[in-house]
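Asker: Take a look at the letters that make up each chain.
Number of protein chains: 2
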Amino acid sequence: MRIGILGTGHVGKALAAAWARAGHDVVIGSRRPDDRELLTELRELTAAGVRIDGSAGAAAHADVLVNATPGTASVALLTTIGAPALAGKVILDVGVGFLEDGTLSHPLVSLGEEIQRAFPEAHVVKTLCTIDRKVMVAPDSLEGPATVFLSGEDAAAKKTVRGLVTDLGWSDDALIDLGGIATARGQEHFALLFIGIAEATGTYEFGVRVVLPTGGGSGLDH
Amino acid sequence: MRIGILGTGHVGKALAAAWARAGHDVVIGSRRPDDRELLTELRELTAAGVRIDGSAGAAAHADVLVNATPGTASVALLTTIGAPALAGKVILDVGVGFLEDGTLSHPLVSLGEEIQRAFPEAHVVKTLCTIDRKVMVAPDSLEGPATVFLSGEDAAAKKTVRGLVTDLGWSDDALIDLGGIATARGQEHFALLFIGIAEATGTYEFGVRVVLPTGGGSGLDH
Numbered sequence: 013m014r015i016g017i018l019g020t021g022h023v024g025k026a027l028a029a030a031w032a033r034a035g036h037d038v039v040i041g042s043r044r045p046d047d048r049e050l051l052t053e054l055r056e057l058t059a060a061g062v063r064i065d066g067s068a069g070a071a072a073h074a075d076v077l078v079n080a081t082p083g084t085a086s087v088a089l090l091t092t093i094g095a096p097a098l099a100g101k102v103i104l105d106v107g108v109g110f111l112e113d114g115t116l117s118h119p120l121v122s123l124g125e126e127i128q129r130a131f132p133e134a135h136v137v138k139t140l141c142t143i144d145r146k147v148m149v150a151p152d153s154l155e156g157p158a159t160v161f162l163s164g165e166d167a168a169a170k171k172t173v174r175g176l177v178t179d180l181g182w183s184d185d186a187l188i189d190l191g192g193i194a195t196a197r198g199q200e201h202f203a204l205l206f207i208g209i210a211e212a213t214g215t216y217e218f219g220v221r222v223v224l225p226t227g228g229g230s231g232l233d234h
Numbered sequence: 013m014r015i016g017i018l019g020t021g022h023v024g025k026a027l028a029a030a031w032a033r034a035g036h037d038v039v040i041g042s043r044r045p046d047d048r049e050l051l052t053e054l055r056e057l058t059a060a061g062v063r064i065d066g067s068a069g070a071a072a073h074a075d076v077l078v079n080a081t082p083g084t085a086s087v088a089l090l091t092t093i094g095a096p097a098l099a100g101k102v103i104l105d106v107g108v109g110f111l112e113d114g115t116l117s118h119p120l121v122s123l124g125e126e127i128q129r130a131f132p133e134a135h136v137v138k139t140l141c142t143i144d145r146k147v148m149v150a151p152d153s154l155e156g157p158a159t160v161f162l163s164g165e166d167a168a169a170k171k172t173v174r175g176l177v178t179d180l181g182w183s184d185d186a187l188i189d190l191g192g193i194a195t196a197r198g199q200e201h202f203a204l205l206f207i208g209i210a211e212a213t214g215t216y217e218f219g220v221r222v223v224l225p226t227g228g229g230s231g232l233d234h
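In order, the protein sequences belong to chains L and R. To convert, take the position in the first sequence, counting from 1, and add 12; that gives my numbering. To convert, take the position in the second sequence, counting from 1, and add 12; that gives my numbering.
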């Protein structure tokens, strides 16, 4: 699959390496694709076959465009690429925006919804934002199975993203489809509990597992 | 232990029954303690030794006062009891406030913090708000161990609350102490993901388990 990744931080790099390893055709998009320091920093990735291009070039390449930019900057960056270039594409959004005081930059909605609203012809799928980038690409590094969530409007786009998440090593039954893109709120707001758990346990490298009732539990009407 | 419970809804009743069963001296506080319908509704509890009183009476009785009222109404109700009557008491806060549109009533902070700020001489401990009332009192109903969180400023109060949570059947190592009362934000905002998981799985009766890295993981500086 042709994957474009926006964001050259830890998350973008980890995902690029993992998906290239899984045989995908990966282009990382940067606002400064010719920057010498960036090229040095990414040389392991380019040695593994990942290419570097501008943001628009990565988007043009992509069947699936991954948003791994800081959540505070994501919509502005996608706007420079433009709605026509994003129409019909799957946007796999892992971003969460934080303000300097540690609160969420989208406290009343979610970044995922904001991207979907700004680019209504793209198919936004929110996922992977409840775990650290090391765990994202190494689910077996945990003491037991954890859960990954999906939110998005388009069933075909979610199926594509589900496949890409399993290519990172997650088993298909580790994924819970929460529903439409509005459910991205739950995934993003979990960031506050994530930080609390990280402070308490001393590591970002954990997951959470949804533990279901033995007998299936009562239905939602009870 | 002398426990006062504010709130005669499903959560208050479940906790009252479980703590009475564990041998505690429980008084439920209501704004209408003589209401005949309420007394009928609570007759199983009163048969089990739980007493009904006004909100102020339940607070006066309590070493630990449990806030199981709707989060939108909690501060106003506690204000009718008054800061002097709450000074020095442990307030075990399980409340989460929702507005009619399904968003949190305290989206930028948390109810736990708001109660602590309103009653600085009380010792607020936020806990149990990430699980359904049935799971609260029956952790063994789940397919495996789940996690419960604690947030609060006062170490002694957290120790007391930890004991009361284990009296509900939770093992001590199921509890993660997140830190100060500001970390209640993470617990309360999890409500959004909780609702998404409930819709996806068809039941409220689940927990989440924090799954740690096999090797302990990198520290937070990495």
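Simulated from the structure, these hints should not be mistaken for laboratory data. Some hints here could point you the wrong way.
Remember, identical chains collapse to one label, so a pair may be satisfied in a single copy or spanning two.
Claimed, not checked - In silico lysine to any residue, SDA-like type, Cα no more than 20 Å apart, as pairs:
| hint | residue 1 | residue 2 |
| --- | --- | --- |
| 1 | K146 | D233 |
| 2 | K146 | A29 |
| 3 | K25 | D166 |
| 4 | K171 | V223 |
| 5 | K146 | G227 |
| 6 | K146 | G228 |
| 7 | K146 | G231 |
| 8 | K25 | G214 |
| 9 | K171 | E155 |
| 10 | K171 | P132 |
| 11 | K146 | V87 |
| 12 | K25 | R43 |
| 13 | K171 | R44 |
| 14 | K146 | A72 |
| 15 | K171 | P96 |
| 16 | K146 | A130 |
| 17 | K25 | S230 |
Asker: Indicate, hint by hint, whether the structure satisfies it.
Answerer: The hints, checked one at a time:
| no. | hint | in the structure |
| --- | --- | --- |
| 1 | K146 / D233 | between (39 Å within a copy, 14 Å between copies) |
| 2 | K146 / A29 | within (12 Å within a copy, 44 Å between copies) |
| 3 | K25 / D166 | neither (27 Å within a copy, 42 Å between copies) |
| 4 | K171 / V223 | neither (23 Å within a copy, 26 Å between copies) |
| 5 | K146 / G227 | between (34 Å within a copy, 13 Å between copies) |
| 6 | K146 / G228 | between (32 Å within a copy, 13 Å between copies) |
| 7 | K146 / G231 | between (36 Å within a copy, 12 Å between copies) |
| 8 | K25 / G214 | neither (23 Å within a copy, 36 Å between copies) |
| 9 | K171 / E155 | neither (27 Å within a copy, 27 Å between copies) |
| 10 | K171 / P132 | within (19 Å within a copy, 50 Å between copies) |
| 11 | K146 / V87 | neither (25 Å within a copy, 41 Å between copies) |
| 12 | K25 / R43 | within (15 Å within a copy, 57 Å between copies) |
| 13 | K171 / R44 | neither (32 Å within a copy, 53 Å between copies) |
| 14 | K146 / A72 | neither (28 Å within a copy, 51 Å between copies) |
| 15 | K171 / P96 | neither (23 Å within a copy, 58 Å between copies) |
| 16 | K146 / A130 | neither (30 Å within a copy, 41 Å between copies) |
| 17 | K25 / S230 | between (43 Å within a copy, 18 Å between copies) |
Checked against the numbered hints above, the structure violates hints 3, 4, 8, 9, 11, 13, 14, 15 and 16; every other hint is satisfied.
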